[in-house]
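Trainee: The chain contents come next:
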Amino acid sequence: MTDMKKATASAADINKLAQIWANLPGWGSLAAVNHSTIGLRFMVTGMVFFLIGGVLAMLIRTQLALPEQSILSADVYGQLFSMHGSVMMFLFAIPVLEGLAIYLIPKMTGSRDLLFPRLSALGYYCYLFGGIIIMFSLVLGIAPASGWFMYTPLSSSEFSPGPGSDFWLLGITFVEISAMAAGIELTVSILCSRAKGMTLSRMPLFCWYILVMALMIVFGFPPLILASILLELERAAGMPFFTVAAGGDPLLWQHLFWLFGHPEVYIIFLPAAGIVSTLIPVFSGRPIVGYRWVVIGIILTGFISFGLWVHHMFTVGIPQLAQAFFSVASMLVAVPTAIQVFAWLATLWYGKVVFRLPMLWICGFLLIFVCGGLTGVMLALVPFNWQVHDTHFVVAHMHYVLVGGMFFPLIAGLYYWLPLVSGRMPSEKIGRWGFWLTFTGFNLTFLLMHLTGLLGMPRRVYTYEAGLGWDWLNLLSSVGSFIMAIGVAMVLLDLLLHFWFGKRASANPWQADTLEWALDMPPAQYNFASLPLVTSRQPLWHDPTLPQRIATGEGGMANSASGRRENWGTSAVSARVERTLHLPGNSWWPLYSALALAVVCISLLCRWYPLALLAAAGALVLLLCWSWDNGANLQPTASPGDAELALPLESQSTDGPGRWGMVVTLLANGALFMALLFGWFYLWTAAPQWSAPADGPLPVSLLLLCGVLASVAVWQFNRLSVQLAAGQDSHLQRQLWLCVLTGSAHFILLLSLFIMAPLAYTSSAHDAVIMVILLYLLGHAGLAVILTMLQALRVARSYVSKQRPYEPQVVKPFWFYYLSVYWLSIGLFFILPLGWGPLL
Amino acid sequence: MSWRRWCKPGHPAQLVLGLSLWGIWFIAMYAGLSVVCQFVAPAPQDGAANWLSYALFGLTLIVLALLLLLARRGWRYSQSVQQDSRPQRFIAYVSTVLYLMAALATLAGALPVLVLPPCI
Chain A
1 MTDMKKATAS AADINKLAQI WANLPGWGSL AAVNHSTIGL RFMVTGMVFF
51 LIGGVLAMLI RTQLALPEQS ILSADVYGQL FSMHGSVMMF LFAIPVLEGL
101 AIYLIPKMTG SRDLLFPRLS ALGYYCYLFG GIIIMFSLVL GIAPASGWFM
151 YTPLSSSEFS PGPGSDFWLL GITFVEISAM AAGIELTVSI LCSRAKGMTL
201 SRMPLFCWYI LVMALMIVFG FPPLILASIL LELERAAGMP FFTVAAGGDP
251 LLWQHLFWLF GHPEVYIIFL PAAGIVSTLI PVFSGRPIVG YRWVVIGIIL
301 TGFISFGLWV HHMFTVGIPQ LAQAFFSVAS MLVAVPTAIQ VFAWLATLWY
351 GKVVFRLPML WICGFLLIFV CGGLTGVMLA LVPFNWQVHD THFVVAHMHY
401 VLVGGMFFPL IAGLYYWLPL VSGRMPSEKI GRWGFWLTFT GFNLTFLLMH
451 LTGLLGMPRR VYTYEAGLGW DWLNLLSSVG SFIMAIGVAM VLLDLLLHFW
501 FGKRASANPW QADTLEWALD MPPAQYNFAS LPLVTSRQPL WHDPTLPQRI
551 ATGEGGMANS ASGRRENWGT SAVSARVERT LHLPGNSWWP LYSALALAVV
601 CISLLCRWYP LALLAAAGAL VLLLCWSWDN GANLQPTASP GDAELALPLE
651 SQSTDGPGRW GMVVTLLANG ALFMALLFGW FYLWTAAPQW SAPADGPLPV
701 SLLLLCGVLA SVAVWQFNRL SVQLAAGQDS HLQRQLWLCV LTGSAHFILL
751 LSLFIMAPLA YTSSAHDAVI MVILLYLLGH AGLAVILTML QALRVARSYV
801 SKQRPYEPQV VKPFWFYYLS VYWLSIGLFF ILPLGWGPLL
Chain B
1 MSWRRWCKPG HPAQLVLGLS LWGIWFIAMY AGLSVVCQFV APAPQDGAAN
51 WLSYALFGLT LIVLALLLLL ARRGWRYSQS VQQDSRPQRF IAYVSTVLYL
101 MAALATLAGA LPVLVLPPCI
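If you're matching them up, the sequences are chains A and B in order. Quick note, the first sequence lines up with residues 1 to 840 if you use the working numbering. Quick note, the second sequence lines up with residues 1 to 120 if you use the working numbering.
The set of hints was computed from the structure by calculation and includes no laboratory data. A hint or two may mislead.
Unchecked claim - Which residues of chain A face chain B? A few of them, derived with a C-beta cut under 7 Å, are: (1) Pro-161; (2) Tyr-291; (3) Arg-292; (4) Ile-296; (5) Gly-317; (6) Pro-319; (7) Gln-320; (8) Ser-574.
Stated by the list, open to error - Computed cross-link-like contacts, DMTMM-like style, restricted to lysine to aspartate or glutamate with a CA-CA straight-line distance of at most 25 Å: (9) A/Lys-802 / A/Asp-695; (10) A/Lys-503 / A/Glu-428; (11) B/Lys-8 / A/Glu-578; (12) B/Lys-8 / A/Asp-655; (13) A/Lys-352 / A/Glu-428; (14) A/Lys-16 / A/Asp-629.
Each residue gets a CB set at the ideal place from its N, CA and C atoms; glycine is no exception.
One chain only, chain B, in its complex shape:
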């Protein structure tokens, strides 16, 4: 089973790829926050405006962009695929919405970074 097949928009792996990316982002945010706060915590008086918050939000924007790109690709595929390829169309449609939902979850989860100091 080659990786190229897995990456195609109609492949069932797409059903879990977007939320898996969200999961990896989630772990990176939570674990990264914990480790950095343990060893090189930014000064509390900086509030939310510090290098760690910017780094976490930067990571969020990268993941967000990736998810939106994947959603766009999935949507285009779902519109182009022939009517008789119903399972692939179904997978492409469902995975597109799941990419968008993963993007929404990523953005919503990262918003507190902009207003709360990280290590208090």
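Just chain A, with the same shape it has in the complex:
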């Protein structure tokens, strides 16, 4: 540690660190943004939703235990199974794993917090409010009843006239803001703020898993967000994207949903597999076998999982070559999974395995998940898929994959990291009872369900006739589900009771190798008293004195003299220290913004459109105020603690996490645009009654003129930001206002074209899509102008200058993105169709 500050963390330093990183007291804790607090809130809330989803499952199994029962009506049963799936997938599985990642990633990467902590807080509140809104529909007895994948036309207003579908569409979209926030934040944090020396090749495998999961969220969620917006527009405004008679196609929903839905399975599986890859080496007492191959497996899974979505749609009438194509891809995804499974088995084989409580759950996982994976390969075969489509076999397969692949590793992980959170050990006895009851109950429920499905019982029927051969299987499945419920209750009881009765944990109780175990138990809000230097993949095995040296201030940034929440910004591959980051502290902006968005959501549900518009404007203003508050300020720019390293602040550089965050956000935005493009071409080629006017809806010459204006604005912005990066800021404000002027001219012309366009958006799917793309472009153009205007105002207050050239470098990718999608849209939505008339 030659180039690191060697100071001693005095009690005064520690006190100051604690003061800087503390949450506000009392109600002020609602303004907390620290990753430990937010991560735990995600997990606790997720567990509450899990209990609700579990109760719904028990009601379903009670109804199905015997034939011809009428405990639940068909309608209530429909609401229950729809809500069970939705709650478990959207309100439990993803958020709880996000929470775990939010809690652990900075601790594992040797960092003090995630890089956009206020975004984490916004994500949490969107999740909480969205979840409450969705659950409220159940309380009112008007919950969605079209299943958790909401197929059209069943979920369309014709067959679901009540507000149930609206609750799902608006609530889930609201919750997805949270997933997107976590996806962006985790990606940038893993890439830009690891401990010094923690190169990509030394990164803990859990971080690799979370990195790929986060990127999958970034690319995988936008298709569902788009689909939800389109369906809600159809239901609320009559825009017929999924109505055959008006040129739409209900199958478009299935494509968009499963474009999200299949990667979603892996979004859930990957973090859980990350837990497995973390725990198996620890309990085997040796590094994982084939680290590089596991990384290969993770990346492969991330990509291939996007090429399987059609296997959910084998029965809808797809050409046989396309079916074979997706069938092969579906089987291929077993390859990276198998790589990981063999790496785990090899590690167990070569290690000296200690069967502590978390390992029981890992063994359960291995057994159940491999079985679920094998039935997955069976389902990838088209003829077999046709036979068991929409039967209980699929339900059994899904639960083997999701409960085996996610729930078992999650519980293993909770037991493993519990001492870190509480400083206490769980009860081995209650834990083992909990495991065996859950394991037995699960297999009794779902192993038999495979048979029920093979005997022909369809999923989602609320009752069945006696004598079809399903009676005893269903009864045993229901008995099994109650055994499982008792097991889960024991686990939760153990988790709860250990806070009071658990034995005090010794330091690093599992003899683990990763950095989080170098912390106090429970850890301080700032995690590390000084930032560690990492020289191997197993830092604690390699250097057992590391925790002591971190605590005594031998790492970096031990001195907190700047009085700000400081962290190192490091390079993505080599983890070289490049800059000092000042992370934002406690703030009310996330809560206020989420509340405004909740008002938008509720007003849309109630069809109070003026209020929705007002609340949306309010949310925009709040978010812009937040961005103003978050930007660079005029406080001292040098970081006294690291003066010897002469590290620049983010605002003094031209690259940094904020810019990375913008780029990752634009990747998500691009995925949404591509999904819209997919929808456009899909309707064109596949919708049975698609029709497009011979002449385009807008004059191409004016669209081109509009594009020229946008190009000029981008050129202006690019020129000023390049000059600024080169250290020239003369006439900067004037140049920014000039860019605002050009951008505004573009926006006004586009708005005029939109207002004048003769779009029959309620009777033609073609015109409805054109309307959506125009609104998309208008929204982006308007935002680009507003962001540029804010930059001009910040120049006036010296927040942006040649000393602080950073912010325009963050806005620049947005302008370039907008220009790209503008020209692509003009080409593909307005010019290309002029040439396809003869083909139709």
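Position chain B against the provided structure of chain A, taking the given hints into account.
Mentor: Same frame as chain A, but now just chain B:
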């Protein structure tokens, strides 16, 4: 950030380039098949021996060749890079295997083209 840096075998972009090429091939195959079948479908009696199947398999061979070339380049780089450049060596090795896996996925995905008629 120049494009030349991105193209070097030790750059992290290589970790996703091979599978991105596979993704583009995948979209081109599926979308191309759908569009062509809609407007100029080959005659069903031709079976798998028709111009569309040949075109799709031709595209596959081009992508396959590109992926194998990239794998060869990555492998050579991973062998030549110095021991102390561990992150670059790691990236080169992992991306080489990913190129090979992408090539395997491309070939496996295209095999049905040789035996099944495209638009039925």
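Trainee: Indicate, hint by hint, whether the structure satisfies it.
Mentor: The hints, checked one at a time:
1. Pro-161: violated, 34 Å
2. Tyr-291: Violated: closest Cβ of chain B sits about 9 Å from A/Tyr-291, beyond 7 Å.
3. Arg-292: Holds. Min distance 6 Å.
4. Ile-296: holds, 5 Å
5. Gly-317: violated, 11 Å
6. Pro-319: holds, 6 Å
7. Gln-320: holds, 6 Å
8. Ser-574: Nearest chain B Cβ about 5 Å off; hint holds.
9. A/Lys-802 / A/Asp-695: violated, 50 Å
10. A/Lys-503 / A/Glu-428: holds, 11 Å
11. B/Lys-8 / A/Glu-578: Distance of about 22 Å is within 25 Å: holds.
12. B/Lys-8 / A/Asp-655: holds, 21 Å
13. A/Lys-352 / A/Glu-428: holds, 20 Å
14. A/Lys-16 / A/Asp-629: Holds, at roughly 24 Å.
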